[in-house]
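Peer 1: Keeping their order, the protein sequence lines are chains X and W.
1 is the number of the first residue of the first sequence in our numbering; add one for each residue after it.
1001 is the number of the first residue of the second sequence in our numbering; add one for each residue after it.
Any given hint could be a false lead.
To be verified - In silico BS3-like pairs for lysine-lysine, Cα to Cα no more than 25 Å straight-line:
| id | chain 1 | residue 1 | chain 2 | residue 2 |
| --- | --- | --- | --- | --- |
| 1 | X | Lys62 | W | Lys1051 |
| 2 | X | Lys219 | W | Lys1051 |
| 3 | X | Lys219 | W | Lys1339 |
| 4 | W | Lys1057 | X | Lys219 |
| 5 | W | Lys1125 | W | Lys1149 |
| 6 | W | Lys1337 | W | Lys1119 |
Hints were generated in silico from the structure; no laboratory data involved.
Predicted model, so just to flag it, every value in this text is computed and none were measured.
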Amino acid sequence: MNKGSKRLLTITQNGLLFIYAIFALFPLIWMVLLSIKSDTQMYTTTFNFTPTLSNYTEVLLKTDYFKYLLDSLIVAGGAVIISVIAGVPAAYALARYDFKKKEDIAFQILSFKFAPEILVVLPLFMIYQTLGLYDSYFGLIWVYQLISMPLLIWVVRGYFEDISVEIEHAAQVDGYSWYQIFFKMLLPLIKPGLVSAALLAFIFAWNTFTFPLLLAGSKIQPITVAITKFLGTDTAHYGQLAVAATVSALPAIIFALCIQKHLVRGLSFGAVKG
Amino acid sequence: MIKKFVAVVLTALMVMCAGAAFADINWKAYEGTTINVMFNEHTYANAIIAKMADFEKLTGIKVVYSTTPETNYFDKLNTALSSRTGDPDIFMTGAYQTWEYAPAGYMEPLDAYIQDSSKTSESYKYDDFIPGIINALKWDLVPGHPVGKGKLWALPMGWEINTLTYNKKIFEAKGIKVPTTTKELYDAAVALKEHAGSGTYGLAVRGTRDWGTIHPAYMSLFATWGAKDFVTEGGKLVCKLDSKEAIEMTDYWVKLIKAGGAPQWSTYGWELCGADLGAGKAAMMWDADRGGYTQNVEGASAEAGNLAFSGIPLPEGVKVQRSNLWAWSMGMNAYSKNKDAAWLFLQYFTSPEFMLYSGTEGDCTDTPRQSVMSSKAYRDIVNKAEGYLKSFEEVSANATIFFTPQPYFFETTTMWAEVLQDLVVTNKYKSTEEAMKQLAEKLTDLVSDLEVE
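Required output: the full structure, derived from the provided sequences and hints.
Peer 2: Right, here's the structure in full:
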């Protein structure tokens, strides 16, 4: 292949990638465009309009938007922290130890993900009312374990299984206690996988709708539920809805960018087995 | 200075009058109680929330409330009511929902509270409610029996009738007369197709595959045409969607949408209908009168100020406009542990004093109280919208719920909307008659287990 053909190939590849990038990013671009359009220009214009920040002012300064965002951060963040604290030892036990009904228990944990939320929510509603957990942070963090815990346990279990047990035995021979092995050797080794699993769990928890809709509402309103308020009552305020959606996507994006290094390693870790 | 003095005196007088109006019952009887209220996100709820502090101050009752958008509101409410925990004490509902909730035992009848002079202030003036709306919220729990008899299950916050809203600027430019008959409506919808280029069209009506498509314009014309959904025959509910009137009307409706409706009609709910009217894409809309009214408020839409209101176009030989009505209301949970405190809440927020506020400053233009409707303050506000009050008064005289009350309301109307969609967007049926006959058979079968006597 001569130099000219190589150059043409590169240009074509980049051109195709550029077209794909526009295609993939178009919903986001469209959402941002809507967020800077006024209600009166929402349906009458496409790209040629007078940009305004009035939707941002309305949503961010005149409503409890940041309270809803904080509720989401507390609930989704809290759920992931609990899942990591309880899920990592559980994943280790399922990966390393042989005990009766091990696979049944693992499948049972996974099956929590299968149950449609609407199916279990009525008994949960009654239990929460009785226990005083309805409309509380603790109640939501607890129920979010149905979403984040199985994901985390199953992903992290795979990473533990990829680490040779001989490494642990060697460390024991060197005089390390089990706790030292776990915290100083195993956790650093699974860190990329743990980070990517935690991020996925956070995104799933952040996006959950049915549980916070039905098990909270007065004091606590995560953003997924609150966002629908911006549709409006008599007229649909799509601009405000776009602002609410755009800003609510930011925490997960920022979180993903911050841990990008671990994320790429974590997602490809164990992809090729020797 | 004098103006300020007069204002202070008038305010003091109003406060004293309000105090006197409420003075005959003990509003502090449930001081310290907490009640839970579930609102649908709506202007009606916003008006209450704006005055919540006044109620809490008057009664000493703490109100904990949640607001949920309509798309998810009833899922949340259904879960809460079916748990029978008594939370919420008060909830927003529509009349159709009471046909499910009341037979299930979730709702507390309100008649006894209204009749008890130790619980209800004389100034409440129950008879001041527009009879058609109050009747829509009464039912004897017998499937097939019309509304208007039996116990009162909820009290209205506001109501909506379904009339024609049109863009007078477009009508003037095209030299088209405001339609008063169904033939004129069809002709106007056809003439206004692509009135301002591709994507613009004549008439916006709802088309989603749910009950929301049937109950506004479609049901209003269905009733005006003289058709009925169900009748009681031989101790059973029998669907009459295969009657001559029902088939004729549906056939007309399908042709109307095909000829002059929105290109994406089957995705249209109230939001898109209103949005298209406000943007000038649709030249007319037949939906809840409030939908057009709010698009006409200055700054709300591109066509604000250009919208005007008319009644229901009549079929040949028909003289009476019949609008199906929707009434956002508040009901009490039968399992509430704070029923008397909850009644104080209901009473306060459906009182003539509050409703005057909500009908004027609170922006709830479709007031359910006659005293508010005849007040100058209310009429001055509403009269700013051309033809609104006239069409509202004309149509509301014969407005009621034209559906036959029965607990399968949502299933039957969803199946009905499905057939309507199939008739407009597919070739599944050879004719409207075939579709309606099959539908009538299915619906009769669906409600066959109901005890109607």
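Peer 1: Run every hint past the structure and note whether it holds.
Peer 2: Each hint, compared with the structure:
Restraint check: the Cα-Cα separation between lysine 62(X) and lysine 1051(W) comes to about 19 Å, which is no more than 25 Å; the hinted pair holds. The straight-line distance between the Cα atoms of lysine 219(X) and lysine 1051(W) is roughly 19 Å, inside the 25 Å bound, and the hint therefore holds. With a C-alpha separation of about 23 Å, the suggested pair lysine 219(X) and lysine 1339(W) falls inside the 25 Å cut-off, and the hint holds. This hinted pair checks out: lysine 1057(W) and lysine 219(X) have alpha carbons roughly 21 Å apart, not beyond 25 Å.
Distance check on the hinted pair: lysine 1125(W) and lysine 1149(W) sit about 20 Å apart at the alpha-carbon level, within 25 Å; holds. For the given pair, lysine 1337(W) sits about 17 Å from lysine 1119(W) by alpha-carbon distance, which is consistent with the 25 Å threshold.
Of the numbered hints given earlier, the model fails none.
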